[in-house]
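There are 4 protein chains.
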Amino acid sequence: MYSFRNDYSEGAHPKVLEALHETNLVQTCGYGLDPFCSEAAQLIRTLCAAPEADVHFLVGGTQTNLVVLDALLASYESVIAAHTGHINVHETGAIEATGHKVCTVFSPDGKLTPALVDTVVQGHSSEHMVLPRVVYVSDTTEVGTIYTKAELKALRDYCDNHGLLLFLDGARLGTALTSPVNDLTLADLARLTDAFYIGGTKNGLLFGEALVMTTPCSHFRWHMKQRGAILAKGRLLGVQFKAILENNLYFDLARHANDLAFRLRDGITALGYAFPVPSPSNQQFPVLPNTVVSRLQEMGYEFEIDHAVDQENTCIRLVTSWATPEQAVEDFLHDLAKC
Amino acid sequence: MYSFRNDYSEGAHPKVLEALHETNLVQTCGYGLDPFCSEAAQLIRTLCAAPEADVHFLVGGTQTNLVVLDALLASYESVIAAHTGHINVHETGAIEATGHKVCTVFSPDGKLTPALVDTVVQGHSSEHMVLPRVVYVSDTTEVGTIYTKAELKALRDYCDNHGLLLFLDGARLGTALTSPVNDLTLADLARLTDAFYIGGTKNGLLFGEALVMTTPCSHFRWHMKQRGAILAKGRLLGVQFKAILENNLYFDLARHANDLAFRLRDGITALGYAFPVPSPSNQQFPVLPNTVVSRLQEMGYEFEIDHAVDQENTCIRLVTSWATPEQAVEDFLHDLAKC
Amino acid sequence: MYSFRNDYSEGAHPKVLEALHETNLVQTCGYGLDPFCSEAAQLIRTLCAAPEADVHFLVGGTQTNLVVLDALLASYESVIAAHTGHINVHETGAIEATGHKVCTVFSPDGKLTPALVDTVVQGHSSEHMVLPRVVYVSDTTEVGTIYTKAELKALRDYCDNHGLLLFLDGARLGTALTSPVNDLTLADLARLTDAFYIGGTKNGLLFGEALVMTTPCSHFRWHMKQRGAILAKGRLLGVQFKAILENNLYFDLARHANDLAFRLRDGITALGYAFPVPSPSNQQFPVLPNTVVSRLQEMGYEFEIDHAVDQENTCIRLVTSWATPEQAVEDFLHDLAKC
Amino acid sequence: MYSFRNDYSEGAHPKVLEALHETNLVQTCGYGLDPFCSEAAQLIRTLCAAPEADVHFLVGGTQTNLVVLDALLASYESVIAAHTGHINVHETGAIEATGHKVCTVFSPDGKLTPALVDTVVQGHSSEHMVLPRVVYVSDTTEVGTIYTKAELKALRDYCDNHGLLLFLDGARLGTALTSPVNDLTLADLARLTDAFYIGGTKNGLLFGEALVMTTPCSHFRWHMKQRGAILAKGRLLGVQFKAILENNLYFDLARHANDLAFRLRDGITALGYAFPVPSPSNQQFPVLPNTVVSRLQEMGYEFEIDHAVDQENTCIRLVTSWATPEQAVEDFLHDLAKC
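Here the protein sequences line up with chains P, L, D and R, keeping their order.
Heads up, the first sequence is in the working numbering, so the first residue is 30 and it goes up one at a time.
Heads up, the second sequence is in the working numbering, so the first residue is 30 and it goes up one at a time.
Heads up, the third sequence is in the working numbering, so the first residue is 30 and it goes up one at a time.
Heads up, the fourth sequence is in the working numbering, so the first residue is 30 and it goes up one at a time.
So here's chain P without its partners, still in its complex pose:
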């Protein structure tokens, strides 16, 4: 039975593996200073319409978050995040381990607004408190929602008016930018944020996140190395990103994931089940009776339990990816109907 547990349950898209194959015995210097990384970085700068941007390649999301935030923050500065933000609960205190507080605000839809950010800023006024400095947002968010251009622009304006930096976690950026309700482009992100990353791990690579920094950050490679985040064979990241960003493959894969997620959503809705937070992307959170959840698990389906809604119902998470076959979705809906 198919696992809808996550969008990193398989290896890489075949074209990515193929590129690794073809370049395998080419000798390059290490640490991401090779021609493949240069070409991939150049490609990204072009896609972002940001010819001056710094592009760095890192292995994973938590690693990227902790390196970037520590690099952007002075010792006494903090980052503002939604309570659902990945850096808040799901990274084992990785940000705090670099010495920085995560100031959180409650946000049921996983998004920050100027008003929410302002409650933190107003509450930190003297040397007895940390100084909020970076606003951390995710797109898609951890609950599947996405930012509109107007929303991101409003955050940008707030940041400009309050001396803050804006950092966007794009671990699932592919499904955000290909969502039917999206109106943002890579160029918008480069223009509206100080730093963001294009997530590869969850959209067709073996691993890899491409960080785009439009606000200069001194000695960023020193920060990377200090955290064990410079890959010896850095070329692997360049080769993979080059393969996935050429010919729009990155977006095609994300669109596939979204399409299948919507099919799940529509099929489950048709069966009479509800989705408390509507998601326009590849994570769907239906509420099912506990008995149905158990039946699905007994059949062999895998997925995460999000939370208990009440004594008889559970909200589960279903995730699709570039690798999800249509048949797996059909089978799931068929089996759900039988429950």
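Keep in mind that a hint or two might mislead.
Reference listing, derived: stretches of chain P covered by chain L, where coverage requires no fewer than 3 residues with Cβ under 8 Å from a Cβ of chain L [claimed, not checked]:
id : stretch
1  : 54 to 67
2  : 90 to 97
3  : 251 to 265
Which chain L residues stay away from chain P? Per the calculated CB distances, all over 12 Å, these [as the list claims (entries may be wrong)]:
id : residue
4  : 157
5  : 276
6  : 291
7  : 307
8  : 316
9  : 364
10 : 365
Treat the hints as calculated values from the structure; they're not laboratory data.
Cβ atoms here follow ideal geometry from the backbone N, Cα and C, with glycine treated the same way.
On the provided structure of chain P, position chains L, D and R as indicated by the hints.
Same frame as chain P, now just chains L, D and R:
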């Protein structure tokens, strides 16, 4: 022209790539909790004759060093290393960034002895000083030398008598264990150290280090995650290590690297050049006249400059690997003879 | 005009200064290893009926909190606190700067309960999340409330059942233990917590907090030194605590502070003003019209603004101490009546 | 018998205690924002001829070192120190605990020179190594030596040419500036360093170090608070420094300490004992036969053992202070002669 700059200038051994191919679309859960990692860990426990050992897979050497040392050390504890130790100068203060001092002793051959360790231990006697707790050694060392079983046993005894832990950095463990002067086995390492790792990045994998912990370390996966060191698709590490450890491939590749290094050494010696520190492994450090060094660089050869010996001579570093072709060595010797 | 801004607006109680005078030229060794500290520690162990407790003297509250919590927590562990907890917002991220997350729960009365603590514990279940390990409470709390013996016992039981430690911040412990609604003793605190401290700075000393640890903590003096928290002339802490703890002076001073706070409370209530959170200790939080607040400030009274209640009213904080003269309270009430 | 163990074996100079007495019941706001601190800071700026300098008051030396260095260093930057530097071995890894490496150079006389600093700078050239940023010197050094104006100027020039900052630990600055071979003034220090501190703990105060920063450091009070280094009753530091800096008292006390140290030195020399490192300040390091050392200890004299010279002789440390009576020195010399 061939680059002798490092042993991670190419991708992976073909059998490793092949294994990634074959398993690419198998769905597994993430974070190294998959069957491939289990099988690779089991294989390692068998090779190490350490059925109770904890095995963890990490992406790179600096990452492994910083996670392990922070996990083994309390806030006020330090690690003892040779001044040449990789953690001392070449990891951008990664250990200090986790809050721990590296106490160094001068050691021209890159190895620690009980007497050297004792100078640090004796010098730290009260709460005004850090408490040395872990002894860090590398095999091969950063200057190419290796430990004998007697030497490692002496360190183990010293550690036992002084309440210290022994951690061995095996980034180049393959070429150490296949060196003609080696008398250590994986089982010896598991028995004589508290933790060590089997380096994959420098011996045929795309990336990866297999950490073997025979002394239990509480909540080690929490430590890994906090430092961004749990790979989402952890399976990639299991698949690769499984492929390289089966049928003795890991050791065959290392032996190839050593053999070619010795051919370089013998050829260079025959041309009348000296090696100040004799190395029985895949890093060789000949002293060449500056004019010869320049000529080789002009021809396109790549290698690292180790240090200036005097105004007219330079010690360079030549590194061979599983991927070095015999012809590259012959060509180099031929061209050197012409200089 | 008198300042009700804080309970550390003056120097030390005369008997404390006198003790410093008398011992001034006695030579002792440094770092708190002197006879005065030994005697003070012994006195504290006796008062706490805890003959085995470790007693350490530190200079201030934030310093004590950060040293104790880092000493009790492994890298991946966190501390649970009320959102009002001093370590959460008012210590400039001091705990996070030692690498640890503060997990907060909303608590309008500033107190934790097993149910509140449990929401954090239940929400942290895997290596992707920090491991909550210490429960941090303050007595009095930051909003003036205090714990009863039953409440503290319930937290202790919860901690025992869930492998947690209990740490009590006693910066204002004097006014807590002498509050009319208090039923706790020093011996209860020693029995029910793993560590707590007897605040001296806010109750008659120049500075100083006496930490009582009933659960052993390895190498605590190493932790102190590493954070710059061993005072060279540690004797000053021993001398002061000895002076204040003899003849019940510590409690007499705290009772004085409480008595005057209640006179303020009763007088303000009689004038028709409300106190949203009732406080049985030396911090009082009345709500006054903005015009009245301004008038008081114009007269020269000093106090902190706690928060704006609505557009026309403000909650202020009035703090009394061992040094507050009765006349200052009478004058304040008299002047308030005139407003 | 007198203790020559340290220069912080007594309380404070009587004039300092008197000042604390006189100001004891004056109400001020906390955290060093009071009039006494303002006046002391102004006095220091005048003495330093540095009207723009930032002056901060901290409680002790280790605390000052760790707060200043963390404030001056980015995550990936390090501090250069002599191997004898107090921050290297004698502060329990306090600097490393804030995440920064201490790069040391061997220096038997405890002083740094441009040539010594340069060996570190030249050895750190890429993102695989920390970036040295601050040069740390002590005056007097830990072995009693002092810097001349020419020596400090040479370091300043080196720093300017290499983008480094210069920080001077003045825990024993009084005895340095009053040494017969000194030619530096407070104004020179303010001009030649980026930051330095005037040590009070070892020269007449109960506690306290006055930090003078001529190079601006953003949000320094945030750094202080985060490390628990803002004293609640900060006024105590202002009151004490005001008392000791008025009428030249600070320098008179230091001169007294030096004078008695020289009497010790001359008397011990006259008895035929040697001083391997000549010290022009209040720490003296004579070499005595082990039997003599034991006899002195049996008589009740206290001092620190510096190191064993050979099997029969020991180098001890004798420290004088503002509080050392002449008679104590005479008695010691008399008793030593008897041994």
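Closest CB-CB distance from residue 316 (chain L) to chain P, is it above 12 Å? Given a closest Cβ separation of 24 Å, the condition holds.
Distal placement of residue 364 (chain L) relative to chain P, Cβ over 12 Å: holds (17 Å)
Claimed clearance of chain P by residue 276 (chain L), with the beta carbon kept past 12 Å: Nearest chain P Cβ is 20 Å from residue 276 (chain L), so the label holds.
Evaluate the condition: distance from the CB of residue 157 (chain L) to the nearest CB of chain P exceeds 12 Å. Given that every Cβ of chain P is farther than 12 Å from that of residue 157 (chain L), nearest at about 24 Å, it holds.
Confirm or reject the coverage of the stretch 54 to 67 of chain P by chain L under the rule of 3 or more residues with a beta carbon closer than 8 Å to the chain's beta carbons. Since 6 is at least three, the answer is holds.
Is the nearest Cβ of chain P still more than 12 Å from the Cβ of residue 365 (chain L)? Non-interface label on residue 365 (chain L) holds, nearest chain P Cβ at 19 Å vs cutoff 12 Å.
Taking 8 Å as the C-beta cutoff, is the stated coverage of the stretch 251 to 265 of chain P by chain L satisfied by three or more residues? With 12 residues closer than 8 Å to chain L, the stretch 251 to 265 of chain P meets the three-residue bar; holds.
Taking the minimum C-beta separation from residue 307 (chain L) to chain P, is that value above 12 Å? holds (26 Å)
How does the stretch 90 to 97 of chain P fare against chain L when you require at least three residues with a CB closer than 8 Å, holds or violated? It holds, with 7 qualifying residues against the three required.
For residue 291 (chain L), is the shortest beta carbon distance to chain P beyond 12 Å? Given that every Cβ of chain P is farther than 12 Å from that of residue 291 (chain L), nearest at about 21 Å, it holds.
In terms of the numbered hints stated before, the structure departs from none.
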